[in-house]
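**Student:** Here's the letter readout for the chains.
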Amino acid sequence: EAQVTQNPRYLITVTGKKLTVTCSQNMNHEYMSWYRQDPGLGLRQIYYSMNVEVTDKGDVPEGYKVSRKEKRNFPLILESPSPNQTSLYFCASSPGQAHPGPQHFGDGTRLSIL
Amino acid sequence: AQTVTQSQPEMSVQEAETVTLSCTYDTSESDYYLFWYKQPPSRQMILVIRQEAYKQQNATENRFSVNFQKAAKSFSLKISDSQLGDAAMYFCAYRRTQMDSNYQLIWGAGTKLIIKP
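Just so you know, the protein sequences line up as chains W and H, in that order.
Note that the numbering used here has the first sequence beginning at 270, numbered continuously upward.
Note that the numbering used here has the second sequence beginning at 6, numbered continuously upward.
Because the hints were derived from the structure by calculation, they are not lab data.
Glycine included, each C-beta is placed from N, C-alpha and C at the ideal position.
It cannot be assumed that every hint is accurate.
[Unchecked claim] To give an idea of the chain W side of the interface with chain H (calculated C-beta under 7 Å), a few residues:
1. L312
2. Q314
3. D376
Throw the hints in and build the complete structure from the sequences for me.
**Tutor:** Here it is as structure tokens:
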């Protein structure tokens, strides 16, 4: 089954404790992206990757890092989380090459930073 | 920069009736894609319908249809014969078609749809 898998689905942690949210897709997609969803703001892009070893900032990259060492994985790293990063996070992928189809989304990760 | 506006934070409709959710967007591009996504309480993002800007015909998927007015930059979603399972947040989203660009989706703030039994 084609899917984007995020882990964990829920995480409560404290300020400053490094954490990683994993994202993996099994569709051989070139393009992957991270969004955060906040009430009244919709989804905003954090980082994206056009292919292996190619990443770039989205609209709200501050406080986040990503890596793309393999095509299937695109982890989101919070080196020193702060309470303003409490949010719902989504990983998405698509084939690339201006594919007009929908991006495939993971089920979301709810992060709470205390 | 492109923006997407959903002016209705919340809408309610009686089961079996029809409801229309509004979406407007701003862009200087002539070719792009527009989407409606549904997010039920399970948090999944589910594609409802998509529209290519170069196509004049409005997209339809079963009980879901859009009214795409390119000149007015309007993209409303009509849900016919509303069902309890339609209750969710609905997001309108925009994407450029340029091959060398970030395939970023630009999102509206969402409309919460309530279905009254």
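**Student:** Hint by hint, say whether it matches the structure.
**Tutor:** Results for each hint:
no., hint, result
1, L312, "4 Å, holds"
2, Q314, "5 Å, holds"
3, D376, "6 Å, holds"
Violated hints are absent here; each numbered hint is respected by the structure.
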